[in-house]
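Colleague: Now for the letters of each chain:
2 protein chains.
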Amino acid sequence: MSTEKIPYKIYLSEEELPRTWYNVRADMKTKPAPLLNPGTGQPMGYDDLRPVFCDELIRQELDNDTREIPIPEEIRDFYKMYRPAPLVRAYCLEKKLGTPAKIYYKFEGNNTSGSHKLNSAIAQAYYAKQQRLKGVTTETGAGQWGTALSMACAYLGLDCKVYMVKCSYEQKPFRREVMRVYGASVTPSPSPETEVGRRILAEHPGTTGSLGCAISEAVEVATTTPGYRYVLGSVLNQVLLHQSIIGVETKTALDKYGVKPDIIIGCAGGGSNLGGLISPFMGQKLRGEADYRFIAVEPASCPSFTRGRFAYDFCDTGMVCPLAKMYTLGSNFIPSANHAGGLRYHGMSPVLAQLYHDGLMEAVAVEQTKVFEAAEQFARVEGILPAPESSHAIRVAIDEALRCKETGEEKTILFGLTGTGYFDMVAYEKFHDGTMTDTIPTNAELEASFARLPKVPGQS
Amino acid sequence: MSTEKIPYKIYLSEEELPRTWYNVRADMKTKPAPLLNPGTGQPMGYDDLRPVFCDELIRQELDNDTREIPIPEEIRDFYKMYRPAPLVRAYCLEKKLGTPAKIYYKFEGNNTSGSHKLNSAIAQAYYAKQQRLKGVTTETGAGQWGTALSMACAYLGLDCKVYMVKCSYEQKPFRREVMRVYGASVTPSPSPETEVGRRILAEHPGTTGSLGCAISEAVEVATTTPGYRYVLGSVLNQVLLHQSIIGVETKTALDKYGVKPDIIIGCAGGGSNLGGLISPFMGQKLRGEADYRFIAVEPASCPSFTRGRFAYDFCDTGMVCPLAKMYTLGSNFIPSANHAGGLRYHGMSPVLAQLYHDGLMEAVAVEQTKVFEAAEQFARVEGILPAPESSHAIRVAIDEALRCKETGEEKTILFGLTGTGYFDMVAYEKFHDGTMTDTIPTNAELEASFARLPKVPGQS
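Residue numbers (our numbering), protein chains in the order written: chain A, 51 to 510; chain B, 51 to 510.
The following block holds chain A by itself, in its conformation from the complex (with noise of 0.2 Å):
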């Protein structure tokens, strides 16, 4: 343990880069529920899950018991372009709140996906090019995902098929062309290339697309196209497991100065970031060995975790995707089109949505307009431009940090800064301009979509 004084940021060297993810399911007494077979209801086992997913990621999804699994090395030498990531230490914004709580941030933003997607990304393509696949089909919302994916295709030479939401992909024509230097083929959704895209296309005949649609399209092309699987950047274990990575490097780097945080906040769309931020940390609690406070943010348009139902759900709108037993707001559930902050996602990753069920994480939705303050307070003493969904965490944080002020307590304060937001000047400008509003679903809206969650074995 180093006694010398916190620099500004901790950097790991490249030794100390982790040589294993962290799968916390090996400490969890309650394990998250096995995804289902949408047709019989039945878990779904490793031969069932093939025709989706590459076969070495599916024994990942399906491994509740292997607390350490080790990150090949072609992986490791890819983290190593852009990890081990700084943890931060905001005395500038400590300094600004004239807080005595200690702020830390570990940062993801330091590569050109803009997020922590890439961590899961090269690991998805990695397996993919060990089974020797052509490549790989995915969906993208806001960008930062499809852009991770290119990015590490690109690097392994797979060929990338990306389903992008028809409203981004008009909206941020830049996010579409940073895909294109790398590589990839970006499909607006939904698109009249697949049978469920004409299907929503007939149906909803000016629908600007979701997630839940574009998941459906990328894994129909997966399914039907010889060499291809699915690929997906949240919600799933995989991905929580691989974005362990962010924790791991966290927790190495407070252990060597000494420091325990004590409460560690975390954005939540599918739940990748903030399940990879805690999963040691969880860890330990879970064994008992420590406490943590855990604070999952959401936005209020779109509240999974604090006004969603913790069932079965499909994963995607044209339900050819495996159910998962998530918080969900229903797979039709689609947030306000002002809401302007990301993580608008309808469901909420199985471990994540355990580990709050079992009470062992809170919850908080926060409204983007405050959200957008909090970012741009960050901004202008922390230096880094943050993205919109980053800036939920920020403003937790920062109000975590401003009870301090008022109680006097010295708290360690934790987050998760997941990205930059240069791409989401649209929503800065709308910001500034005063035209941002906040949109909190009715309860009337959330209960019609509760009602068309599926029916389910044991599920009322």
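If you are wondering where the hints come from, they were derived from the structure by calculation, not from laboratory data.
Be aware that a few hints might be false.
Copies of the same chain look alike in the list, so a pair counts if it fits in one copy or across any two.
Mimicking DSS-like on lysine-lysine, the simulated pairs with C-alpha atoms at most 30 Å apart in a straight line are [claimed, not checked]:
1. Lys179 - Lys455
2. Lys130 - Lys152
3. Lys146 - Lys179
4. Lys335 - Lys505
5. Lys505 - Lys184
A quick note: this is a predicted structure, and the numbers were derived from the prediction, not measured.
Given chain A, work out where chain B should sit, using these hints.
Modeller: Okay, now just chain B, sitting in the frame of chain A:
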């Protein structure tokens, strides 16, 4: 000197962050020519420059003798937000090229301004604050400098007025928006707000502006508004001084691993990045302690070094600034509108101009389509989407590495990767769509521009 394997990224510790800037003028036998008063043709001293520039910055501008100038602690603290910047060993690029050359690049893009410009922005803002000024004015073209200055001013609580070349203002609304996040006011130039702006608008009603014109406006506002001074992001001696932190860090990192570069390459617009990168190395060369090949890379569409005149010229279109002795294309020269690669200033830093004139440095001009080819090749293996400006250096680094492949020489190549291209996707899109063309000014165009160089005693 470490004997371990050279990592992908060499990060110095915060302790190793340089404590002094390196003033290469102290090593130059022939000093850069002084700034001249455009009215009298006489060299301008401290008192002459005070209406325009901050006091301490003028001292730095005129100091040709002090080799090491201390960096104030407050500036070092700000630097710690994003520095030391990584020196990257381009293992992946080397492998892709199949070259025996060893390639290193100093990456300055890991901050929200997206470039090295922040190194001088914080220094200039700091001295303005020290002088108890209310604010500063400046111009920006592509927007990196304006963003950097906005960030520095937000941090210090200074007002920041940016005159942005009109075509960039319109084509890059997101850059403008980032500046607004940092609280700057951004005005498209030429504007009706200034005398010089009104004059230019009257003469050329449809003009989309130029850097030289935006400089004139910013200077006018600074000199007519109490409590304001003008700051500039390139060309000046003081800016190269601040940017020397790039070179000092790079040299420290290379020395640690016992690596000596054979070739040092940088893109050159006004010269701030190249001048900063080479400073301590050039110092060694000037003192006869070591030899290096230095290569300045400029766009073929704005070829100040390779086709310009070494002469006194105006720094701005409105002719309100001091005259500087530069390699210049004439202060009225405007590169073709289809030039997308940045680096569009008509002149070149007096320090670099003198070094080039004295045969201490080489220069090459490259065409933009070749630059974007190199950019894309680099992005796909090194994972960083480079700025078009930086990609000029990548082009020549790749060319030199391929030459090594032919000859079998294991040269060590170092280049400056000044920034990221996230706000340049329109240019990338043109490149992909095949609509990007190369434009080279004709000799007649240049001769016409040279004919308007100012009459200065001793200059034909």
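Colleague: Are the hints correct? Go through all of them and say.
Modeller: These are the hints, each one checked on the structure:
no.	hint	in the structure
1	Lys179 - Lys455	between (51 Å within a copy, 29 Å between copies)
2	Lys130 - Lys152	both (29 Å within a copy, 18 Å between copies)
3	Lys146 - Lys179	between (48 Å within a copy, 18 Å between copies)
4	Lys335 - Lys505	neither (34 Å within a copy, 78 Å between copies)
5	Lys505 - Lys184	neither (37 Å within a copy, 66 Å between copies)
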